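Visitor: Here's the letter readout for the chains.
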Amino acid sequence: MDLLEYRATRTKTVGEALEQHGIDRRDFLKLCAAMATLLALPASAAEQLAVALAKARRPSVIWLSFQECTGCTESLTRSHSPSLESLIFDMISLDYHHTLQAASGEAAEAAREAAMKENAGKYLVAVDGSVPMGNPGYSTIAGVANIDVLRETAKDAAAILAVGTCAAYGGLPAAQPNPTGAVAISELIKDKPVVNIPGCPPIPTVITGVIAHYLAFGALPELDALGRPKAFYGETIHDRCYRRPFYDQGKFAETFDDEGARRGWCLFKLGCKGPVTYNACATMKWNGGVSFPIQSGHGCIGCSEPNFWDAGGFYEALSMPAHPLKVGAAAAAAGVAAGAAVTFFNRKKKGAAKAGHETTTLEDLER
Amino acid sequence: MSASLDKGVRVLKEMIDAPIASYFSSCVHCGICAEACLFYTETGDPKYTPIHKLEPMRRIYQQEYTLLGRLAKMVGLSKSVTDEELAEWQELVYNSCTLCGRCSAVCPVGNDIVYMVRKMREGMSAAGHAPEGIKGAVTRTINIGSPMGVKLPAVKAQMKHIEADTGIAIPLDQEGVEYMVTLSSMEIINFPEYLGAIAKVMRHVGRTWTLSSEAFEATNAGMQIGNSDLARVIVSRVVAGAEKLKVKTVISPECGHAYTALRWEGANLIGRPFTFKVQHIVETLEEFRAAGLLKLEGMETDRLSFHDPCQLARRGGVIQPQRNLMKMVAKDFVEMPDAGYMNWCCGGGGGASSIEEGEELRLEAFKRKKRQLDAVKPDRLVTACANCRIVLEEGLEHYKMNLPVVGLTETIAEHIPDPE
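In the order they appear, the protein sequences are chains U and X. Just so you know, the numbering used here puts 180 at position 180 of the first sequence, and the rest follows in order with no gaps. Just so you know, the numbering used here puts 364 at position 364 of the second sequence, and the rest follows in order with no gaps.
Just chain U, same shape as in the assembly (with noise of 0.2 Å):
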């Protein structure tokens, strides 16, 4: 593709894209219905999709990869097979991705900044992976920091999407003791919208999502007090999983062989977080709808909350503390040692009634 048919692609509208990609209108309609369902909207909302998002200019999108595994990216293209989402993709130009774009060095920095300056103001910059600020040099792009290159970005952009949970809250870098320093975008970028779509990695669909709604409404989705998009974070795993209905039953999996497991009953005492995260899995599941992980016989594991890496093991029932005595130990220690005293002295003074028990007879029940 030459530098001109490349621009030719990026100012053709929703609809020209679709139709040259050889979609037509009838599947064109039923992608705007699936999408307005997969966001809550109401069904009235299909329709306006669908002129919307026909006349919509295909946004820029510049993606950077900071702290992070590419399992996010993953995630991405596992959903680019025929799906809603490979549709998602010919609407947005996807201007610079270390991982998907062809170009490299100095003409892959170049692309970015080209779309910068054409699309100022009206870009979307989404980011995977946290940022190391303890000592910058951890990570570097072409020789530049990341957190320069994030500032340099975010500047111009309309929003940020930090995806996957190192770039919504820090992640696996952020857990203790956090060698590199790592924070999360939403505590670096603070005149920017920042919409956290965790997850590790999140749900493909709920990436696409995001974007979809922001080219149909020229608006970000509404979002809960962690940032998060409410259609898809607004409810826990626990609240929508199938084997609800065994855990009000109180019948709960022992181990991961016994008859409980294998009848599918709840995984709450095998440590399942789902009754603490907030994601779509149970209702949208993974792999094209196929399962998700309790399904596949295994608890969640909170991946897509805040400080997941230490908050306890992955096989500890959250009923048990994750830190148990680690705050207040002196004061517990203080307490026990109170508890000690006052239990030698009643069994001291319990001692000396049960050394002059007296052995009753008969007539022993007689005043």
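I should point out that these hints are in silico values taken from the structure, not numbers from a laboratory. Fair warning: there could be bad hints in the mix.
Said to hold, decoys possible - Here are some chain X residues the structure puts well away from chain U; computed CB gaps all over 12 Å:
#1 C27
#2 V28
#3 P46
#4 M148
#5 G167
#6 G176
#7 T249
#8 Q279
#9 A291
#10 E300
#11 T301
#12 K327
#13 R380
To be verified - With a Cα cut of at most 25 Å, we get these calculated SDA-like pairs of lysine to any residue:
#14 K160(X) with G206(X)
#15 K79(X) with V342(U)
#16 K251(U) with G340(X)
#17 K348(U) with S25(X)
#18 K354(U) with D6(X)
#19 K354(U) with A267(X)
#20 K251(U) with A267(X)
#21 K348(U) with S80(X)
#22 K350(U) with G206(X)
#23 K354(U) with E265(X)
#24 K349(U) with A3(X)
#25 K350(U) with L363(X)
#26 K354(U) with E55(X)
#27 K349(U) with L67(X)
#28 K354(U) with G69(X)
#29 K349(U) with R59(X)
Claimed, not checked - Some, not all, of what chain X presents toward chain U, calculated at C-beta under 10 Å:
#30 L12
#31 S228
#32 L296
Computed from a prediction, not measured in an experiment: that's the story for all the values here. Just so you know, even glycine gets a beta-carbon here, dropped at the ideal spot from N, CA and C.
For this one, chain U is given, so just place chain X on it according to the hints.
Guide: Okay, now just chain X, sitting in the frame of chain U:
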């Protein structure tokens, strides 16, 4: 002649153990135990709230074993337990408590209230505040051998009658057999059909058994009055008898508290494990049924219901066996509301039936059982406790209800075919 307040208080201090300390400090004063107690539900009098029956013991716990309680006692904010108080509590701890354990079953913080009542009785009896009726029963058990004053000749006389009726020899003092059968004196005097039924069942299933001339009585009034020293003397007789005859299993009769005394308290009382197994007769019958040894014929066609004895079902955990057995012989078996684990007491357990002055209250409390029965209107009521049976019969007669009460063992035995 040494019972006194001092002694009572000392015994209560001795009785307050770790579970009781945690129960008293866990109580949230919710009052749910009141609704579980038939003496409260049928009278509406809040003094019958189970945890309130332990008030003197709770005060001793606070004043002796807690810092604030000690301080309060020191500055006169908390008064010591008096003799008058204990006298007043006698009615609450004995007459209005059958040790049925429904309160323990509903307590939201898991307090075993009936365990505490049992311990409270230790102090009450040491202080001389036990009812005359139970004192009499204990005295007769210790001196004569049974709470009703039954001696071996009476047992032998009944054995003869039964041998004549059934044509089956009743073995006495046979060494090395499988089962030693024990009786409650009520079965000897009022319901001798029980012994006949046992003889038929044992012949039918081909198991060896015996009675013991030293240990025929299974009931334990020492446990009911709440005195472990006396309860130990009584339970030791059964242990000595069973070990002398070298039996494998001792069968506790159709009696609730005899089962608790032998099965749950017995080994703790004598301070060592038994050399034999203890089963309630219902458990023995269930074993025979499960092994396919009971080949019964015919079915009862009238409407039958089952009254679960508290000590067997709630405190002993034996609930399904009696139902399995009932279904072998009953075409029309109906369950009363709350049957099984939460069944309501007959009103006379835990020694209450031997308290003469408690009769009026007992009959008042029986209204609960009456309502349960009225809900399903059985033609006959089956149970597995001779004491329940007597108390039920008294209540039914008082309320002019025409409802025969029968024992489970004899009901099963009636369906055993005659040998060829």
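Visitor: All the hints need checking, so say for each whether the structure fits it.
Guide: Status of each hint after checking the structure:
Residue-level check passed: C27(X) sits 19 Å from the nearest beta carbon of chain U, beyond 12 Å. The beta carbon of V28(X) sits about 21 Å from the closest Cβ of chain U, which is more than 12 Å, so the claim that it is off the interface holds. No beta-carbon of chain U is positioned within 12 Å of the beta-carbon of P46(X); the least distance is around 30 Å. Every CB of chain U is more than 12 Å from the CB of M148(X) (nearest about 17 Å), matching its label as outside the interface.
Here G167(X) stays apart from chain U, with its beta-carbon at least about 42 Å from theirs, past the 12 Å limit. The Cβ of G176(X) lies farther than 12 Å from every Cβ of chain U, with a closest approach of about 34 Å, so its non-interface assignment holds. Remark: the non-interface label on T249(X) is consistent with the geometry, its nearest Cβ contact in chain U lying 31 Å away (cut-off 12 Å). For Q279(X), the non-interface assignment is confirmed: its Cβ lies about 29 Å from the closest Cβ of chain U, beyond the 12 Å cut-off.
Non-interface status of A291(X) relative to chain U is upheld: no Cβ of that chain comes within 12 Å, the nearest being about 25 Å off. Under the 12 Å C-beta cut-off, the non-interface status given to E300(X) relative to chain U holds; the minimum distance is some 36 Å. At the 12 Å boundary, the C-beta of T301(X) stays outside the reach of chain U, the nearest C-beta of that chain being 38 Å off. Every C-beta of chain U lies more than 12 Å from that of K327(X), the closest at about 26 Å, which supports listing it as non-interface.
With a cut of 12 Å on Cβ distances, R380(X) stays outside the contact zone with chain U, its closest approach being about 36 Å. The straight-line distance between the Cα atoms of K160(X) and G206(X) is roughly 21 Å, inside the 25 Å bound, and the hint therefore holds. Between the alpha carbons of K79(X) and V342(U) the distance comes to roughly 22 Å, so the proposed pair stays at or under 25 Å and holds. As the CA atoms of K251(U) and G340(X) are separated by approximately 22 Å, the hinted pair is consistent with the 25 Å bound.
At roughly 20 Å between alpha-carbon atoms, K348(U) and S25(X) fall within 25 Å of each other, so this suggested pair holds. Under the criterion of a C-alpha separation no larger than 25 Å, the hint pairing K354(U) with D6(X) is consistent with the structure, at around 14 Å. Distance hint between K354(U) and A267(X) is fulfilled; the C-alpha atoms sit about 20 Å from each other, no more than 25 Å. Pair hint K251(U) plus A267(X) does not hold up; C-alpha atoms about 35 Å apart against a cutoff of 25 Å.
For the hint linking K348(U) to S80(X), the alpha-carbon distance of about 21 Å falls within 25 Å, and the restraint holds. Pair hint K350(U) plus G206(X) does not hold up; C-alpha atoms about 52 Å apart against a cutoff of 25 Å. Restraint check: the Cα-Cα separation between K354(U) and E265(X) comes to about 19 Å, which is no more than 25 Å; the hinted pair holds. Of the supplied pair hints, the one linking K349(U) and A3(X) holds, its CA atoms being roughly 21 Å apart against a limit of 25 Å.
In summary, the hint linking K350(U) to L363(X) is not supported, as the alpha carbons are separated by about 40 Å, beyond the 25 Å threshold. A C-alpha spacing of about 22 Å is found between K354(U) and E55(X), which places the hinted pair at or below 25 Å, so the restraint holds. Annotation: proposed proximity of K349(U) to L67(X) holds, straight-line Cα distance about 14 Å (limit 25 Å). The straight-line distance between the Cα atoms of K354(U) and G69(X) is roughly 21 Å, inside the 25 Å bound, and the hint therefore holds.
Simply put, K349(U) and R59(X) have alpha-carbon atoms about 16 Å apart, close enough for the 25 Å limit, and the pair holds. Taken as an interface hint, L12(X) checks out: its beta carbon lies about 9 Å from the nearest beta carbon of chain U, inside 10 Å. Checking S228(X) against chain U: minimum C-beta separation of about 8 Å stays under 10 Å; hint holds. Because the closest C-beta pair between L296(X) and chain U is about 34 Å apart, greater than 10 Å, the hint is violated.
In the structure shown, a violation is registered for the earlier hints numbered 20, 22, 25, 32, in ascending order.
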